[in-house]
Amino acid sequence: MTPEQAAEILRLRDAKVAPKQIARRLSLRPAEVSTFIRDHAEDRYLEKARSGDLAPLHGCLVNQGAAQRLLGKKPLEENQGPEGLCQIILARQEHNRLVVGSYLVDHWCLGLKDAVSPRKMGLAEYQRMVVNSERQFSESFVDITLEQAQAIVYGAVDYAHSLGFEPHKDFDTKAQIHLGLRPETLMSIEFGKDGQPCFISGPYDNVDKVMKTLEASVGAGNFHYLAAMGGSGLGDPDLFL
1 MTPEQAAEIL RLRDAKVAPK QIARRLSLRP AEVSTFIRDH AEDRYLEKAR
51 SGDLAPLHGC LVNQGAAQRL LGKKPLEENQ GPEGLCQIIL ARQEHNRLVV
101 GSYLVDHWCL GLKDAVSPRK MGLAEYQRMV VNSERQFSES FVDITLEQAQ
151 AIVYGAVDYA HSLGFEPHKD FDTKAQIHLG LRPETLMSIE FGKDGQPCFI
201 SGPYDNVDKV MKTLEASVGA GNFHYLAAMG GSGLGDPDLF L
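Numbering of the sequence shown is given in the working numbering, commencing with residue 1 and proceeding in unit increments.
Hints are not guaranteed to be accurate.
Said to hold, decoys possible - Straight-line alpha carbon distances no greater than 30 Å define the calculated BS3-like cross-link-like pairs of lysine-lysine that follow: (1) K169 x K20; (2) K169 x K120; (3) K212 x K193; (4) K212 x K169.
Hints were generated in silico from the structure; no laboratory data involved.
Turn these sequences into a full structure, and let the hints steer you where they fit.
What follows is the structure, encoded as structure tokens:
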């Protein structure tokens with residue numbers, strides 16, 4: 001791709017021309033154009049983050065059970081939400097629209113299981129998304145601070161990494177910047193269950209691979225394993241947002 005083609009892609013994209021149409025006009029592969037547009041957007045987003053120019057926070061939510069388990073918010077009711085899982089929904093205000101991203105965290109073992117890169121939406125769509133998440137978790141979502149959200153997500157990523165697991169591939173630069181660049185110090189949160197990793201297998205987990213990874217990192221007998229009963233749908237990427 002030449003510099004002239006790159007400049008033309010940006011001009012056409014600013015004019016709301018679709019990537020496939022841009023590719024046809026410039027005799028480029030659609031995948032090449034889409035990759036360039038995505039990388040350019042991430043670069044611009046990173047520049048904003050480094051200059052402190054991110055859109056202001058509209059709200060940061062997490063399922064109530066996770067808030068109580070991880071942050072000590074009120075005594076935990078019996079059978080309060082799915083154990084070991086939490087979802088963080090983070091919205092920033094950009095003019096009259098919201099920019100919303102979401103993070104699905106297994107704070108007992110696997111770390112960041114899924115991430116939805118931030119996208120623009122109206123207030124009504126955002127509210128529907130929160131209601132849908134509350135239905136999936138069978139519990140309400142409550143407000144937390146940005147610092148608490150960062151501690152949960154980045155802390156879970158660190159914990160999982162120590163066990164041999166990497167965050168979901170969609171936890172890309174844009175998703176991380178939307179959450180806020182990682183602070184030097186995270187507030188203290190206890191991960192795992194009773195001092196050990198606890199793997200609860202979901203419908204999309206490679207059980208054999210996870211078990212072998214845990215045996216290699218902490219040793220047999222030093223972690224818990226539970227086979228999930230039924231399907232909550234929480235690991236289904238199509239239901240995540």
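How the hints compare with the structure:
no., hint, in the structure
1, K169 x K20, "24 Å, holds"
2, K169 x K120, "21 Å, holds"
3, K212 x K193, "19 Å, holds"
4, K212 x K169, "21 Å, holds"
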